[in-house]
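Residue numbers (this note's numbering), protein chains in the order written: chain U, 6 to 102; chain A, 36 to 516.
None of these hints come from the bench; they were simulated from the model.
Given the structure is predicted, the values throughout are model-derived calculations rather than measurements.
By construction, the Cβ of each residue, glycine as well, lies at the ideal position given by its N, Cα and C atoms.
Incorrect hints may appear among the rest.
Straight-line C-alpha distance at most 20 angstroms; calculated SDA-like pairs for lysine to any residue [to be verified]:
(1) 133/A to 60/U
(2) 418/A to 429/A
(3) 124/A to 98/U
Some residues of chain A that are not near chain U, with every Cβ distance over 10 angstroms (derived) [to be verified]:
(4) 66
(5) 77
(6) 90
(7) 466
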Amino acid sequence: MKIEKSLSKMEIKHLSWLAKIELTKKEEDLFSNQLNDILSYFQKIDEANVEDLPPTYHVIDISNVLRSDKSRPPNPEQALKNVPKLKGRYVKAPRIV
Amino acid sequence: MGNIKIGLEVHSQLTNLNSKLFCSCPTDYRGKEANSYICTVCMGIPGTLPVLNKKAVEDAILIALSLNSKISDKMYFFRKNYFYPDMPKNFQISQYDKAGGITLATGGYVSIPNKKVRIRRIQIEEDPARITYEGTIYKSKSSLVDYNRAGIALLEIVTEPDMESPKEARIFLQKLSSILEHLDVCHSYLEGSMRCDANISMEGGKRVEIKNISSFKEVERALNFEMTRQRNLLIKGISTKMETRHWDEIRRVTISLRIKEEEEEYRYFPEPDLVPTIITKEWVETIKDKMPELPDAHKERLIKKYELSPQNADVLVNYKLLGDFFEKCAEIYYKPGAISNWLVGDLLGYLHEKGIQLQEMKISPVHITKMLKMVDNGIISGKIAKTVLEEMIISGKMPEIIVKEKGLIRIHSDELIEQLTNKVFEENKEAVNDALEDEKAMHYLIGQVMKLTKGRADPELTNKVVRDKLIEHKKLLEKKN
């Protein structure tokens, strides 16, 4: 049995608020169709019976990858290479409150 | 007044680490140039991978043990997604106790007078960047971000809403901070190393969260403000709504600022770049073996070993640095009672008055013990010692040097004191006559002599000289009559 889930216009608007992206009316329609397609594709997963299976948190079966607490010189030049806007040494970003 | 319930979410940096939580950037970023302590990992550049700092896990386990919490046998990291420039990746690597997530530890408690404040959970996460605004937060068009702090290991300690007054919240935080100080894992005197969000709800109202509280003093202030605000609303018949408010330290008010994401909107999911961490019993045991003396045991020992008053012991435990300082002093000169009184009273009082941090003061235990010996040997008076102490704190000079430079040595010269006493008797004839009848007036005369020597006259000697002089005066009067 397939349960139809679909995103409402309100949910699309809410998502755009969460993502801080303004959408035009046209885009709202476009993305609502696209996201609904994706959702219905993923609904196939619901058909699988996973009742007795333990959850998977990581696809690789390894644990405890740890490093010792040693510091190395930082590399700000490389880290700042892709920053779109700097003001002095600061990264300039839009005000979000 | 309705019932008040306060819960706290304390964020404490693991300040004793050399490197960040998931990369090797150094941690002593305070006072450094903005964005100089960063690398491609803590800046979230695609293609880089975080690797967990082992010592961070061990320090966190030590803290959880000290708070009587149950350590999980394994833990996962989750991504907390949100769009805010304090995390360059657009998510924070944190932990989650839902959706199958397991945090480092759960349960536990902190004992404060008359109650145990229960701990709900403890989790490890990365500290976000520091944001400043051009002008004020309300008017600024853009934010300026310094990522030096981003990725510093942070422990989140969440309590149950067990505190019933703002004062109790402060007492809890003091105790927690003292425990962390004793563990030598978080030094709360470092600016911004311990921060706190508070939840407060009053009977008949919804829960309000207050963010952006930078110190313990501020917690009490913010909660007091919020309590009054909510009470006033309730009186008017308006119920408080569930919201997040921002504490404005300068204006001392809470402001409804950001419409915050609901929990489900953080879209938590397991961090695929990090593997699970299994915490074996053996690992926990080796960490437990390193458990140092904690505040309650420390206090008891100070009272037993040095016969200190519980009040003084409390202060020395709350200010662990001062407690250590005290024991070093007592080792050099075994006068624990006097030392503790000086440290807890005059020294701490002066530091608070001048806004000097304990670790900034320029004196060593030798300064204090030398000063005390000078008092005990009658070289300076207690009153003068206070001046000497203050000067030592500021300049770091040894007491004998200060005494010499400022001419503070106690006057033992009979001749000088007699001269001054004569002068005082000349100038206070009425008081002299009163003093023949009234002890109080005599003390006034003694006070005048002390004043002339700026407190340097030996009090016993002065007392004797003034008394003798009065007897002499009396005899003279009797002869006349």
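- Query: Can we trust that residue 466/A is non-interface, i.e. its beta-carbon lies farther than 10 angstroms from all of chain U?
  - Reply: Nearest chain U Cβ is 69 angstroms from residue 466/A, so the label holds.
- Below or equal to 20 angstroms on CA atoms is what counts here, so check residue 124/A against residue 98/U. With Cα atoms ~14 angstroms apart, residue 124/A and residue 98/U stay inside 20 angstroms; holds.
- Is it correct that the beta-carbon of residue 90/A has no partner in chain U closer than or equal to 10 angstroms? Incorrect as stated: the minimum Cβ-Cβ distance to chain U is 4 angstroms, not above 10 angstroms.
- Query: Is the nearest CB of chain U more than 10 angstroms from the CB of residue 66/A?
  - Reply: holds, 13 angstroms
- Task: Below or equal to 20 angstroms on CA atoms is what counts here, so check residue 418/A against residue 429/A.
- Result: Within the cut-off at roughly 18 angstroms; holds.
- Query: For the pair supplied as a hint, residue 133/A and residue 60/U, is the alpha-carbon distance within the 20 angstroms limit?
  - Reply: holds, 13 angstroms
- Query: Is it the case that residue 77/A keeps its Cβ farther than 10 angstroms from each residue Cβ in chain U?
  - Reply: violated, 8 angstroms
Taken one by one, the earlier hints fail for this structure at numbers 5 and 6, listed in ascending order.
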